[in-house]
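Given the coordinates of chain A, assemble chain B onto it according to the supplied hints.
So you can see what is in the structure, the chains are spelled out below.
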Amino acid sequence: AQSVTQLGSHVSVSEGALVLLRCNYSSSVPPYLFWYVQYPNQGLQLLLKYTTGATLVKGINGFEAEFKKSETSFHLTKPSAHMSDAAEYFCAVSDQTGANNLFFGTGTRLTVIP
Amino acid sequence: DTGVSQDPRHKITKRGQNVTFRCDPISEHNRLYWYRQTLGQGPEFLTYFQNEAQLEKSRLLSDRFSAERPKGSFSTLEIQRTEQGDSAMYLCASSFSRTGFYEQYFGPGTRLTVT
Numbered sequence: 110a111q112s113v114t115q116l117g118s119h120v121s122v123s124e125g126a127l128v129l130l131r132c133n134y135s136s137s138v139p140p141y142l143f144w145y146v147q148y149p150n151q152g153l154q155l156l157l158k159y160t161t162g163a164t165l166v167k168g169i170n171g172f173e174a175e176f177k178k179s180e181t182s183f184h185l186t187k188p189s190a191h192m193s194d195a196a197e198y199f200c201a202v203s204d205q206t207g208a209n210n211l212f213f214g215t216g217t218r219l220t221v222i223p
Numbered sequence: 056d057t058g059v060s061q062d063p064r065h066k067i068t069k070r071g072q073n074v075t076f077r078c079d080p081i082s083e084h085n086r087l088y089w090y091r092q093t094l095g096q097g098p099e100f101l102t103y104f105q106n107e108a109q110l111e112k113s114r115l116l117s118d119r120f121s122a123e124r125p126k127g128s129f130s131t132l133e134i135q136r137t138e139q140g141d142s143a144m145y146l147c148a149s150s151f152s153r154t155g156f157y158e159q160y161f162g163p164g165t166r167l168t169v170t
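Protein chains in written order, with this note's numbering: chain A, 110 to 223; chain B, 56 to 170.
No lab work stands behind these hints: they were computed from the structure.
A portion of the hints provided could be inaccurate.
[To be verified] Derived SDA-like pairs (lysine to any residue); straight-line CA-CA distance at most 25 Å: (1) Lys158/A <-> Pro163/B; (2) Lys112/B <-> Ser136/A; (3) Lys178/A <-> Gln151/A; (4) Lys158/A <-> Ser82/B.
None of these values were measured; they are calculated from a predicted model.
So here's chain A without its partners, still in its complex pose:
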């Protein structure tokens, strides 16, 4: 079974500061890992994903995440926060076979302070 834990339901950073959103996963099989962003009253947009290969993955809008198997983590970072980054961020895990269903964490709301 797969599950995701996102530490911190709310994170506030100043504009220009480092963004770090934490995600730990549990999976009985090699996982696929994802970060999605959700703006108010909208669906989910894929930021980045890890399937195989390089453990440091780069996504859209300057975000990146590193898959650390030993720590079962997939934290999301961005060197410099922008006001437009304010949104809800979800980490998700999927298995590599079958339905590829996504199992989501409870989300982290990012606030960017001007």
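Showing chain B alone in chain A's frame:
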């Protein structure tokens, strides 16, 4: 590529009424998923189709819920005898695979409020 669309975007209904939502996937996508997202939570998987076949259903999908994808294109999700606990955002996603992995693209969701 016009993206995944969902209709309606918002639905307010009274407890006990039936509601139906529609999802139009990206045209070449053969898989279609339904998720439910309650306030303050991440989306939870409900069911998915490969073409017209419904291949998996979550325990969350009670017998008041039914989903169809009759021609392997659009899908409908019906909730009968709605309850206040059904109030949520219902998200649809579609996907296809060239490599064996199915990347999901989400629609904007239908927000259901049961009064």
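Structure-based check of all given hints:
{"no.": "1", "hint": "Lys158/A <-> Pro163/B", "in the structure": "holds, 20 Å"}
{"no.": "2", "hint": "Lys112/B <-> Ser136/A", "in the structure": "holds, 20 Å"}
{"no.": "3", "hint": "Lys178/A <-> Gln151/A", "in the structure": "violated, 32 Å"}
{"no.": "4", "hint": "Lys158/A <-> Ser82/B", "in the structure": "holds, 23 Å"}
Consistency with the previously given hints fails for number 3 only.
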